[in-house]
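Novice: Required output: the full structure, derived from the provided sequences and hints.
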Amino acid sequence: MKTFTYTVTIDQGIHGRPAGDLVKLAQSLSGSKIVIDKGGKSCELTRLFAVMGLGVKQGDTVTVTVSGGDEESAAARLEEFMKQRL
Numbered sequence: 002m003k004t005f006t007y008t009v010t011i012d013q014g015i016h017g018r019p020a021g022d023l024v025k026l027a028q029s030l031s032g033s034k035i036v037i038d039k040g041g042k043s044c045e046l047t048r049l050f051a052v053m054g055l056g057v058k059q060g061d062t063v064t065v066t067v068s069g070g071d072e073e074s075a076a077a078r079l080e081e082f083m084k085q086r087l
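Heads up, the sequence shown is in my numbering, so the first residue is 2 and it goes up one at a time.
No lab work stands behind these hints: they were computed from the structure. Take these hints with a grain of salt, some might be off.
Unchecked claim - No farther apart than 30 Å at their CA atoms in a straight line, the calculated lysine-lysine pairs in the DSS-like style are these:
(1) 42 - 3
(2) 3 - 39
(3) 84 - 25
Note that this is a predicted model, so its numbers are computed, not measured.
Specialist: This is the structure:
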């Protein structure tokens, strides 16, 4: 299991377009279970409406946990995406 935390820096937080792009990336990483957590509330990162339902705003810190498959590579790709886009 690989876990990392990230503090969202974009003004609108994880809203429509960036959430959709993040979910698409998570869906492409088949073989790994990916969970995102914000303040004790969590969901699978492959479910768009659940991710948006977390209500992640600018300045919020999320924890992403990747397990199974190629978790090292999957976590690295997700973390890089978040640093560049969120």
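Novice: Could you run down the list of hints and mark each one as holding or not?
Specialist: Right, here's what the structure says about each hint:
1. 42 - 3: Status holds; Cα separation ~19 Å.
2. 3 - 39: holds, 17 Å
3. 84 - 25: OK: residue 84 and residue 25 at ~16 Å, within 30 Å.
Going through the hint list in order, the structure satisfies each hint without exception.
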